[in-house]
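*Asks:* Residue numbers (my numbering), protein chains in the order written: chain V, 1 to 263; chain B, 1 to 299.
Check the hints yourself; a few may be wrong.
Taking lysine to any residue and the SDA-like style, the derived pairs with C-alpha atoms no more than 20 Å apart in a straight line are [said to hold, decoys possible]: (1) V:K83 to B:Y65; (2) B:K15 to B:D4; (3) V:K51 to B:V207; (4) V:K83 to B:I201; (5) V:K64 to V:K134; (6) V:K7 to B:D200; (7) V:K7 to B:C247; (8) V:K108 to V:K138; (9) V:K7 to B:I276; (10) V:K83 to B:D200; (11) B:K96 to V:N4; (12) V:K138 to V:I163.
Hints listed in this document are in silico derivations from the structure and should not be mistaken for laboratory results.
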Amino acid sequence: MADNSRKKETAAIVSQEQLADGIFSMWLETEAAKEAGPGQFISMYTNDKSKLLPRPISICEIDKEHGRLRVVYRVTGEETGTKQFSQMGAGEKISIIGPLGNGFPYEKAEGKRAFLMGGGIGVPPVLELAKQMKCEKKQIIAGYRDAQTFLREEFERNGELYISTEDGSVGTKGNVLDAVAENSLQADIIFACGPAPMLRAIKKYAQETNTECYISLEERMACGIGACLGCICQSTKKDAHSNVHNKRICKDGPVFLSTEVEI
Amino acid sequence: MSVDMCVNIAGVEWKNPVTVASGTFGSGAEFSEFIDLNKLGAVTTKGVANIPWVGNPTPRVAETYGGMMNAVGLQNPGIDLFCERDIPFLKQYDTKIIVNVCGKSEEDYCEVAERLSGEPVDMLEINISCPNVKEGGIAFGQDPKAAESITKAVKKYAKQPVIMKLSPNVTCIPDMAKAVEAGGADAVSLINTLTGMKIDIHKRAFVLANKTGGVSGPAIHPIAVRMVYEAAHAVKVPVIGMGGISCAADAIEMLLAGAKAVSVGTANFHNPAVTIEIIDGIQEYMEKYGFKTVEDIQM
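The whole structure should be built from the sequences, with the hints applied where relevant.
*Replies:* Structural data, given as structure tokens:
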């Protein structure tokens, strides 16, 4: 029997700042920091009763010493929950559950040349991954839309940084794989988080180069804890829990070996 | 003053009138990390069919104002794995087990009911009201004759009391309640979700892959209260009320409308411990107004 000790908790906002257009960074004082690892996420709840469901937000940084978590998130529109989060400030309270999900198996990178790839709002979880990962060659490849390369300085302090931008204003013009090609980068293991088309391309690249590859998926969620089956992805083999070719992104993921899921 | 929270639903004694709505709670394993399942009157499982079902494509869920929509499509592991894994899990707890049964044909439902007849479960809830699967389900839930007939068929195989779960997507809910009662239902539960639709105006596309989905949550609560009231006054069998219950007041309102017990669904996604808070809140209400039993609450 489970010890039913998990709970929705009230976290305190330590600070909030805007990093780029629509991109915000929030530090939270929370018990969730104790157990959190790179690639996990937290469910964040609004104080607005008309918005019931949690927003799953990836963890960007973990400060275990001070019991703090950092989330860097995108405001998805007017009248949205993320818009409400962005309007909150230091000292305000926010309900969260976390940490949730499995996280990146970063220990597998030890002694290897690694790619740590993030695209768009998939960039933030790569930061804590870069901080915790021990490997032979830490190649961070961050893909942005334009010159608003948020978290750039933090990445530069934690590995070799390569940037791609859609408009070509910084680094390689194109996507993260274009940056890999342009800089003739090589890896034995890949960790990636980003939009589905990017992950699809990385999965294909990993297959072609026979590289071990872990991708972090996202989907609309309801419960965030594995009960509602809202956020499934297709698995290549029959999944032990679902007994069909479906895995739960919130509980079995969000990080999967690229060969075990169809995207 | 001590209060007695027990309720008797079709001969099965629950320690309190609160269970969970099928599909919102899995088989309890995930929520057992957050709450003590021993405290629930009953656990109602996610629907299970004779064979594994893969469910609908994603996106399967969307938020709506004061609620949500889902079109999960009854993904389930099938009765074999369910009996092997989920029932033994729930048997560790001192709570009643209600297994929700789904199917695409009368034979499917009967096969699962027969299979469960030898299992240590307390009640069956027959889902004839899922709006998200094309065949079965709702086909039985919108026509009184079909509802009566499927109830009769399942009753032949079921050893446990049978709860028929009704759809709100009908013209006359009392007719549906009477039909399943005539078919031999031991209890009735309602409401399942209301069929809805959401369109993303920026992407100019349906939000759910299934286009339509079942709307649930506080936004639908007044509709549920009205339908529970109508059903409870149309039949003699006990009614389990659900639909947008998110606090003790909502649950008590449902009991006042005529429900003998309540199910909490979507609210579990907002607060995994909401069921416990509702049970405690009902007890406080009984103490405050001097009700000794749950039945005393009722008008």
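*Asks:* Does each hint hold? Answer for all of them.
*Replies:* Hint by hint, here is what the structure shows:
1. V:K83 to B:Y65: holds (16 Å)
2. B:K15 to B:D4: Satisfied, since the Cα-Cα distance of roughly 9 Å is no more than 20 Å.
3. V:K51 to B:V207: Measuring from Cα to Cα gives roughly 16 Å; hence the hint holds.
4. V:K83 to B:I201: With a Cα-Cα distance of about 18 Å, the restraint between V:K83 and B:I201 holds, given a limit of 20 Å.
5. V:K64 to V:K134: holds (18 Å)
6. V:K7 to B:D200: violated (33 Å)
7. V:K7 to B:C247: holds (17 Å)
8. V:K108 to V:K138: holds (13 Å)
9. V:K7 to B:I276: holds (12 Å)
10. V:K83 to B:D200: holds (17 Å)
11. B:K96 to V:N4: holds (19 Å)
12. V:K138 to V:I163: Measuring from Cα to Cα gives roughly 14 Å; hence the hint holds.
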